[in-house]
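Taking the hints as your guide, dock the two standalone chains into a single complex.
Just so you know, the sequences run in chain order A and B.
First residue of the first sequence? That's 1 in the numbering used here, and the numbers climb one at a time after it.
First residue of the second sequence? That's 1001 in the numbering used here, and the numbers climb one at a time after it.
These are computed hints drawn from the structure, not numbers from a lab.
Note that beta-carbon positions come from the ideal geometry of N, C-alpha and C, so glycine has one too.
There may be inaccurate statements among the hints.
Said to hold, decoys possible - Covered stretches of chain A (chain B as the covering partner; in silico rule of three or more C-beta atoms under 8 Å from a C-beta of chain B):
no.	region
1	3-17
2	28-37
3	44-50
Claimed, not checked - Calculated pairs, DSBU-like style, for lysine-lysine (alpha carbon to alpha carbon, straight line, at most 30 Å):
no.	chain 1	residue 1	chain 2	residue 2
4	B	K1005	B	K1063
5	B	K1146	B	K1042
6	B	K1063	B	K1146
7	B	K1146	B	K1026
8	A	K48	B	K1042
9	B	K1063	B	K1003
10	B	K1026	A	K17
11	A	K38	A	K17
12	A	K17	A	K48
13	B	K1003	B	K1146
14	B	K1146	A	K61
15	B	K1005	A	K38
16	A	K38	B	K1042
17	B	K1026	B	K1005
18	A	K61	A	K38
19	A	K48	A	K38
20	A	K48	B	K1003
21	B	K1003	A	K17
22	B	K1005	A	K61
23	B	K1003	B	K1026
24	A	K61	A	K17
These are the residues of each chain, in order.
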Amino acid sequence: MRRFTQESGSPRAVFVKWPMGHPLGEPGRVDQQMIILKDALRALETIKTPGTIIDLPYRWKRYEDLTDR
Amino acid sequence: MGKLKNIILARLLTRFPRLFDRSVEKVAPFHVEGVPWTPFTKPLTAARIGLVTTAGVHLVGQKPFNMIDRDGDPSFRELPSDTPLGNYTITHDYYDHADADRDINVVFPIERLAELEAAGAIGGLGAVNYGFMGHIDGRHIETLIKETGPEVARRLVGQGVDAVVLTPG
Chain A
1 MRRFTQESGS PRAVFVKWPM GHPLGEPGRV DQQMIILKDA LRALETIKTP GTIIDLPYRW
61 KRYEDLTDR
Chain B
1001 MGKLKNIILA RLLTRFPRLF DRSVEKVAPF HVEGVPWTPF TKPLTAARIG LVTTAGVHLV
1061 GQKPFNMIDR DGDPSFRELP SDTPLGNYTI THDYYDHADA DRDINVVFPI ERLAELEAAG
1121 AIGGLGAVNY GFMGHIDGRH IETLIKETGP EVARRLVGQG VDAVVLTPG
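In isolation and in its complexed conformation, chain B is listed as follows (with noise of 0.2 Å):
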């Protein structure tokens, strides 16, 4: 019963944004302290550009985020960048991704970015991206900015990879 709550409160939230501003409100205020800097100095042609996103996206036949816990799933999937389009699928019960469904790109824009670096506009792409699923509470916040969330940080710079566009769900 908890995940068709979920499903069915997503998809009220999505097309009444006011209901949605109001849930927010709700949420208590969450503080990290200072704002991490790092001056982005390589023209955009030449440089690396990596996806994460925190829509739920993952791979077919990879192990799906975990709708049960209430508090979320504060792990992360590993996305080849040449997957093919017909292996992405999302699991994430807290928004409504009925059009990120038809077209990944809404909400992971692996196309757009690969056109951009074929018209040469980016220098290139990481060799893997990195999917979570946003809803994140309680005891997974500390998972999530003490393991994991540093754990994609030092791979995406292994890979080389110079920024990273993050998409939200």
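Bound-form chain A, shown alone (with noise of 0.2 Å):
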């Protein structure tokens, strides 16, 4: 999926290397889906460069990585 979001041109983009159909994790964990959306939308601060995927520290159901930075 990181290819095709690369090959599809978006401006600004989050990555997190997590099974398809779970870009914001796991159900019922509001605190992961959180975090992922707030980064998401910190980017949209952060990213100055058209094309920047930031690759996300996340691995999953590693609980111990989501720290709300």
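Structural data, given as structure tokens:
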């Protein structure tokens, strides 16, 4: 999917290497979903170069990665 | 049979990411000219944020996306922000959406966005969000790029939306 994001010329993107169908994470994990959404919104302000993809550091189901920055 | 095959394949690709990576490698490269860019100048706390998803989300009662056409479906569905959660449904046989069926926020974070609005972290939501079905191939790519994509962009601008979060399936 990262490849498709790149090829489609998305102006700003954040990427998680998680299973397909789970861009915001797991069902019922409000904290996880909120972190991803906030990171995506933050990218609106931080990305200055068109086409940048930010690789988020969260591993699938490794909850210790989920620190609210 | 084609429908069942797609559903089984989608489950396998979700469960075994390496298989998914390999299937992605087989897709021919697709290139668009240039990267569209609009500087984001408002503070987030004043910005109206819209949601667009390609995860096949639509409302119960709306026409489902076409699962018979092998090239997919480039049309879109309007999803008002005040829709009760139980009125969302997903038609998309090309990924396993069992988890998203349990909690729509997994692919369409409407509740989280409303919470950010309530907390004052964003200026507001658009009145209407938009659902596409991301399996779009062949002749439908042109329809998406020239017709339905720009139409949704126009409608978002018309609602005063400053930026959009686009989520895949």
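task = May I ask which of the numbered hints given earlier this structure violates, with the numbers listed in increasing order?
result = Structure breaks hints 14, 15 and 20.
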